[in-house]
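Given only the sequences and the hints, what does the whole structure look like? Please build it.
Protein chains: 2
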Amino acid sequence: MSSTKAKVLGLCKRWSVAGVLPKSGGASFRTVTSSSSPSHNAGILAAEFYIPHRYVSQGELEKFDKVSSGKYTVGLGQANMAFVDDREDINSIALTAVSRLLERYNIDPKSIGRLDVGTESLVDKSKSTKTTLMQLFAPSGNRDIEGATVMNACYGGTASLLNSVAWVNSPEAHGRLAIYVACDIAVYEPGPARPTGGVGAVACLVGPDAPLALVPGARHSHSVDVYDFYKPKMSSEYPAVDGKLSQSCYVTAVDDCYAGTIHKLEKIRSSEIKSVEDAFDHVAFHSPYNKLVQQSFKRMLYNDARRMVARGHALPELLAALAPFASLPAAQTLANKDLDKLLSSIGGEAYKRMVGPSELISKNIGNSYTGALHMNLVSLLGDAHAGGAHLEGKSIGAFSYGSGAIATMMAFKGRKPSTSAHQSTSLSTIASTLNVASRLKERVEASPEEFTNALILREAFYGKIGASPAGSIDNVPKGAFYLKEVTKEGGRIYAQK
Amino acid sequence: MSSTKAKVLGLCKRWSVAGVLPKSGGASFRTVTSSSSPSHNAGILAAEFYIPHRYVSQGELEKFDKVSSGKYTVGLGQANMAFVDDREDINSIALTAVSRLLERYNIDPKSIGRLDVGTESLVDKSKSTKTTLMQLFAPSGNRDIEGATVMNACYGGTASLLNSVAWVNSPEAHGRLAIYVACDIAVYEPGPARPTGGVGAVACLVGPDAPLALVPGARHSHSVDVYDFYKPKMSSEYPAVDGKLSQSCYVTAVDDCYAGTIHKLEKIRSSEIKSVEDAFDHVAFHSPYNKLVQQSFKRMLYNDARRMVARGHALPELLAALAPFASLPAAQTLANKDLDKLLSSIGGEAYKRMVGPSELISKNIGNSYTGALHMNLVSLLGDAHAGGAHLEGKSIGAFSYGSGAIATMMAFKGRKPSTSAHQSTSLSTIASTLNVASRLKERVEASPEEFTNALILREAFYGKIGASPAGSIDNVPKGAFYLKEVTKEGGRIYAQK
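As they're listed, the protein sequences go chains A and B.
Residue numbering for the first sequence follows the numbering used here, beginning at 1 and increasing consecutively.
Residue numbering for the second sequence follows the numbering used here, beginning at 1 and increasing consecutively.
Incorrect hints may have been included.
In the DSS-like style, the derived pairs of lysine-lysine whose C-alpha atoms are separated by at most 27 Å in a straight line are [to be verified]: (1) B:Lys352 / A:Lys488; (2) B:Lys478 / B:Lys441; (3) B:Lys488 / A:Lys233; (4) B:Lys244 / A:Lys464; (5) A:Lys488 / B:Lys244; (6) A:Lys110 / B:Lys264; (7) B:Lys125 / A:Lys244; (8) A:Lys233 / B:Lys233; (9) A:Lys341 / A:Lys244; (10) B:Lys125 / A:Lys233; (11) B:Lys413 / A:Lys484; (12) A:Lys267 / B:Lys110; (13) B:Lys484 / A:Lys264; (14) A:Lys125 / B:Lys125; (15) B:Lys244 / A:Lys484; (16) A:Lys484 / B:Lys66; (17) A:Lys244 / A:Lys274; (18) B:Lys413 / B:Lys394; (19) A:Lys125 / B:Lys464; (20) B:Lys416 / B:Lys352; (21) A:Lys244 / B:Lys488; (22) A:Lys125 / B:Lys484; (23) A:Lys125 / B:Lys488; (24) B:Lys416 / A:Lys244; (25) B:Lys464 / A:Lys464; (26) A:Lys71 / A:Lys264; (27) A:Lys125 / A:Lys484; (28) A:Lys125 / B:Lys66; (29) B:Lys291 / A:Lys464; (30) A:Lys488 / B:Lys267; (31) B:Lys267 / A:Lys110; (32) A:Lys233 / B:Lys413; (33) B:Lys66 / B:Lys291.
It is worth saying that the hints were derived from the structure and are not from the lab.
Structure follows, in structure tokens:
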């Protein structure tokens, strides 16, 4: 059923993976000879993703956990949760995502000069997942690939994207492209946080003249020292979480980043931005669970009301009801139940139109930590109605949050690449390659018991050396990588199904 | 004896550290209003470092370990090794280094827009040290600070530097500056690797018009998938090491990176580079132990000989003896004892002149992992004979290696900043602020028993939650940060002595 394409290459214990090399003859992405300027529309040229074969229904989990109906499906706003047992780990899911990216977009491995990985699902405290991914480049002989693993709770993927964009715009690129990976396996100990887990990996190609270009100079960040979500227990995969604190830190970061981004966008555009709809056509958020995304978008509407009142403007009809709250000291608005109630009653249509297209995957896989925002961008890129060529000329806001904490709001624009500059994909190619809806349907539903058993396997295997995982390879989708064994020294050996 | 300047600020559990704010009135570093171009001499504007108060003599350790005299002092080439007990951890030493940088160079915290940390001494698998450092910026109200923690064995500090340079050259800097920190606590289980430990933290300010500018487009990297040094044991601070493999991977990376850098420098300068002395006035290396640095420099001489023979040039007198080895297949030269013997007999004067000035600190503190190369640059910057204004107009090569593996060779140039562009320090200011030789003398020598006991304390405390360290605050130097306690949830609380 599974045939590994890897073999040990001697001294450096490398794995060669012949199956993931781009088909010879094709050449979508080759090294660009001309250097690019900082404003050269750098951003995402191509995107791929990996989600596990199995998921559990949140509705079934409600029954299994004997909680009130709707606690997970409405209270958290989640439909399904993806999971893996001990047969897959952070390296294997990153290998799968990057090998798919190289293969499905026919990328020449020699065209890559940088590779960054964002994750907080460490299986080694020194060896970085980035270096494990180098096995995909070994057959090409390309070793001149910068980049490392970035760690900061759920923010590492965004840091990797931003570092990649700065690099492709720098003289160090020498016309080459970058890849970043945002990936995590989110698991919680049994209890109320467990249904907020999830798994996913996103791999994107970054370069100039991109169909999803990052708007230069528009982003704003918010970083503070806080213990809202962290992993101090070295021998456990489970985090320590102060849910209430984390939620308030997230919303404070939305306030701060949104204000800063609006300020910068107004300068760039030389015109006033009166509302989130002035600023963006779509907004994608980091999504610990969907309900927080809903609240955060509505918080942006509230921020619009505050800004307009502060500037002496009248409030439009949509926001008129917010007038009594628009001049309160900011601290009085964070845990204000009347305001929360009011906000949940407005903006439903705007939310559905602006945020809805980015929700599909995360609602169905759960939180993929560093992957979440990037998975939501993948949903948007692949959406049948808002994605593909529909994104041309559109402005997309994106909010990334990593506990600890650092958050960034940034702006993308959808555009038609100028094919004269280099061979690029288009928004339509990305949408058809992603094929999001079909890939969600290819998965199989597992019972809450199977889900619980998978997490028991993970718990037993975490940190083990000199052992092989117990999980069946049957649950690994064809073409995906999986963990074969952890050697007695602690090295990890992977194979491709 | 110690008075903490920190107090809890409520909701977000932040610490305010009033003592490290720049003196009012002074303004060495303020936000620059004009944007900078990619070739605007970005690099290191200011440098600071932290080394622990205590060290153990390698000579005394030889006696204590009952090994042959010279095994550590000559065989490894190390003089002393710095150590800390459980009272200091990666966050505390990074806090100390950054607070010193801000204070001693009178940096306005509001002028900073990016902060990256390179480390592999994790005390939390999700919360990044970068976010802990945000407590130093809280009093200024500056939260708009990008950056995270980069993890890739000993390479994270260099990745942070390179990311910082790309960022200051990008439109995202908006005239602000970056700080990067390279820091680690290297400890090994009892046995032959234990004397290769060490501790240190380097914090540098990065911006345009720098006295130590990174040469754009000159660097070359080498990344492969290998298990040479890694940390698979989650509940232990100690690494797994394949010393022989790691050494061979390091030297292979020197070969590859040096060839690539020479090629790029020849293009930049439009002239042939015949020797390492043509390429650089000084070279600094990542230094697991000094002996490997000696071997690596001589390996560069050997690479010069290979290149010259391949290009049909006659070998100069210094390299003439290498002729019989210069055309061997590369694989036959890596574990070639005759070649090793020959190399150790040549190039001593060049080594002393070119590498010697960067050795002082690391020979006296040991391996500070991500910090090592940057500590060696600090040694060079602060050297009485080669550092300070002597570096003006000089070309400096730097080689960084992180197991796993990724390595980069890069080139810096020493220069006099154009003060018209912005207020900057000079190479002389950096040298006098670093005051390297005096600061090494301020330390106290501890016995091998004290060293062993300190590591026993660390081992007992690693991963503990709901506990306070047992190590005495007497061993923490004045002004340095230390760990007060780990809360029962796993949060870490620091104070400043």
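Hints and how they fare:
1. Between Lys352 of chain B and Lys488 of chain A the alpha-carbon distance is near 42 Å, which puts this suggested pair outside the 27 Å criterion.
2. Restraint check for Lys478 of chain B and Lys441 of chain B: the C-alpha separation of about 15 Å stays at or below 27 Å, so the hint holds.
3. For the suggested pair Lys488 of chain B and Lys233 of chain A, the alpha carbons sit about 11 Å apart, so the restraint of at most 27 Å is met.
4. Proposed proximity of Lys244 of chain B and Lys464 of chain A is supported: the alpha carbons are some 25 Å apart, at most 27 Å.
5. Distance hint between Lys488 of chain A and Lys244 of chain B is fulfilled; the C-alpha atoms sit about 18 Å from each other, no more than 27 Å.
6. With a CA separation close to 17 Å, the supplied pair Lys110 of chain A and Lys264 of chain B stays within the 27 Å bound.
7. Distance restraint check for Lys125 of chain B and Lys244 of chain A: the Cα-Cα separation of roughly 21 Å lies within the 27 Å cut-off, and the hinted pair is therefore satisfied.
8. Distance check on the hinted pair: Lys233 of chain A and Lys233 of chain B sit about 13 Å apart at the alpha-carbon level, within 27 Å; holds.
9. Taking the CA atoms of Lys341 of chain A and Lys244 of chain A, the gap is about 17 Å. The hint holds against a cut of 27 Å.
10. This hinted pair checks out: Lys125 of chain B and Lys233 of chain A have alpha carbons roughly 8 Å apart, not beyond 27 Å.
11. About 47 Å separates the Cα atoms of Lys413 of chain B and Lys484 of chain A, which puts this hinted pair outside 27 Å; it is violated.
12. With a C-alpha separation of about 21 Å, the suggested pair Lys267 of chain A and Lys110 of chain B falls inside the 27 Å cut-off, and the hint holds.
13. Note on Lys484 of chain B and Lys264 of chain A: the hinted pairing is violated, with a Cα-Cα distance of about 41 Å set against a maximum of 27 Å.
14. Pair hint Lys125 of chain A plus Lys125 of chain B holds up; C-alpha atoms about 8 Å apart against a cutoff of 27 Å.
15. Restraint check: the Cα-Cα separation between Lys244 of chain B and Lys484 of chain A comes to about 26 Å, which is no more than 27 Å; the hinted pair holds.
16. Distance restraint check for Lys484 of chain A and Lys66 of chain B: the Cα-Cα separation of roughly 42 Å exceeds the 27 Å cut-off, and the hinted pair is therefore not satisfied.
17. For the suggested pair Lys244 of chain A and Lys274 of chain A, the alpha carbons sit about 31 Å apart, so the restraint of at most 27 Å is broken.
18. Restraint check: the Cα-Cα separation between Lys413 of chain B and Lys394 of chain B comes to about 6 Å, which is no more than 27 Å; the hinted pair holds.
19. Between the alpha carbons of Lys125 of chain A and Lys464 of chain B the distance comes to roughly 17 Å, so the proposed pair stays at or under 27 Å and holds.
20. For the suggested pair Lys416 of chain B and Lys352 of chain B, the alpha carbons sit about 25 Å apart, so the restraint of at most 27 Å is met.
21. The straight-line distance between the Cα atoms of Lys244 of chain A and Lys488 of chain B is roughly 18 Å, inside the 27 Å bound, and the hint therefore holds.
22. Between Lys125 of chain A and Lys484 of chain B the CA atoms are separated by roughly 24 Å; this keeps the pair inside 27 Å, and the hint holds.
23. For the suggested pair Lys125 of chain A and Lys488 of chain B, the alpha carbons sit about 23 Å apart, so the restraint of at most 27 Å is met.
24. At most 27 Å may separate the alpha-carbon atoms for a hinted pair to count; Lys416 of chain B and Lys244 of chain A exceed this at roughly 52 Å.
25. Under the criterion of a C-alpha separation no larger than 27 Å, the hint pairing Lys464 of chain B with Lys464 of chain A is consistent with the structure, at around 19 Å.
26. With a C-alpha separation of about 39 Å, the suggested pairing of Lys71 of chain A with Lys264 of chain A is violated against the 27 Å cut-off.
27. Our distance criterion of 27 Å between C-alpha atoms is met by Lys125 of chain A and Lys484 of chain A, whose separation comes to about 20 Å.
28. For the proposed pair Lys125 of chain A and Lys66 of chain B, the alpha carbon gap of about 32 Å is over 27 Å, so the pair is violated.
29. With a C-alpha separation of about 34 Å, the suggested pair Lys291 of chain B and Lys464 of chain A falls outside the 27 Å cut-off, and the hint is violated.
30. The suggested pairing of Lys488 of chain A with Lys267 of chain B is violated, with an alpha-carbon distance near 47 Å, which exceeds 27 Å.
31. A threshold of 27 Å between alpha carbons decides the hint, and for Lys267 of chain B with Lys110 of chain A the separation of about 20 Å falls inside it, so the pair holds.
32. A threshold of 27 Å between alpha carbons decides the hint, and for Lys233 of chain A with Lys413 of chain B the separation of about 44 Å lies outside it, so the pair is violated.
33. Proposed proximity of Lys66 of chain B and Lys291 of chain B is supported: the alpha carbons are some 21 Å apart, at most 27 Å.
In the structure shown, a violation is registered for the earlier hints numbered 1, 11, 13, 16, 17, 24, 26, 28, 29, 30, 32, in ascending order.
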